[in-house]
Amino acid sequence: MRELVVLGTGSQVPTRTRNHNGYLLLWDGQGYLFDPGEGTQRQMIHAGVSATQVTRICLTHVHGDHCYGLPGVLSRMVLDGVTHPVHLHYPVSGQDVVRALVSVASPGLDLRLHPHGAAGEVAPGLEVRPLHHRVETYGYRLVEPDGRTLLPERLSAVGIAGPDVGRLRRDGRLGAVRLEDVSVPRRGQRFALVMDTAPCPGAEDLADGADLLLAESTFADDDAALAEEYRHLTAGQAGALAAAGRARTLVLTHFSSRYGDLEELRAQAEARAGGAAVVVAHDLDRLPLPRRRHQGA
0 MRELVVLGTG SQVPTRTRNH NGYLLLWDGQ GYLFDPGEGT QRQMIHAGVS ATQVTRICLT
60 HVHGDHCYGL PGVLSRMVLD GVTHPVHLHY PVSGQDVVRA LVSVASPGLD LRLHPHGAAG
120 EVAPGLEVRP LHHRVETYGY RLVEPDGRTL LPERLSAVGI AGPDVGRLRR DGRLGAVRLE
180 DVSVPRRGQR FALVMDTAPC PGAEDLADGA DLLLAESTFA DDDAALAEEY RHLTAGQAGA
240 LAAAGRARTL VLTHFSSRYG DLEELRAQAE ARAGGAAVVV AHDLDRLPLP RRRHQGA
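Quick note, the sequence shown lines up with residues 0 to 296 if you use numbering that gives the first Met the number 0.
Keep in mind the hints are simulated off the structure, nothing from the lab.
Simulated restraints on C-beta separations:
{"no.": "1", "residue 1": "162", "residue 2": "105", "range": "41 to 49 Å"}
{"no.": "2", "residue 1": "179", "residue 2": "287", "range": "27 to 35 Å"}
{"no.": "3", "residue 1": "203", "residue 2": "169", "range": "36 to 44 Å"}
{"no.": "4", "residue 1": "111", "residue 2": "287", "range": "24 to 32 Å"}
{"no.": "5", "residue 1": "177", "residue 2": "260", "range": "55 to 63 Å"}
{"no.": "6", "residue 1": "153", "residue 2": "12", "range": "53 to 61 Å"}
The beta carbon of each residue, even a glycine, is placed where N, CA and C say it ideally should be.
Hey, can you work out the whole structure from these sequences and the hints?
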């Protein structure tokens, strides 16, 4: 199962309908928790997800609305008896803040700290790129390796079935039949998260080819001056980012409390998003990743 669980969509302050940030990406038995702001532990209960599902926690930066829920989530994991290692990724300049937050959590969790200070892969398939905010900030991208999709009609035509299918996939060849004879290329799925940033090359790298791009949309286009001052994206800029990266689905989040009706932001993003589908995230939404794209017929 690959699904994004939205735990909160507010920015600096929560509202009656929007909690602080929090996003749980469920990906093949792994749980990636991004930017747990205040109230994340409670939001997980409402969303019907468990702290035991979390295997990695990823902080884009150490502003409070992106990390103050960390001690509660860690403490809940201890209470729930989590025994697997939990990996915590964060910008190296936030080391003191992260250690302070961890220090007030309940002890007993196998928590492994992974600070990073440059672009690159920080775990298998998990990459970071620097963003342009008021403090050191990184976005995240999860990339599945490209593979191949087997075609039942071709398998049937050459008489391959049952356990032989697994052998062919594993070895790349079965007798005279090659894997490429009975399959087509399958592009790996990509998820990208772009939080607090002004437009920058790092955001563009993250968005490139994303099947699901989760991007901040703090301000409406009419408030572009505020977005520039505080180094955030407007809705239109988020749409342009999706278009430039040829993203398939753009999910808008991290909304300023000044906006009650988000339809204007959705329309502004959609106007510049190219062919990307635009979704306005709401707290407790569950968004499946789009189906994989196949190359060839």
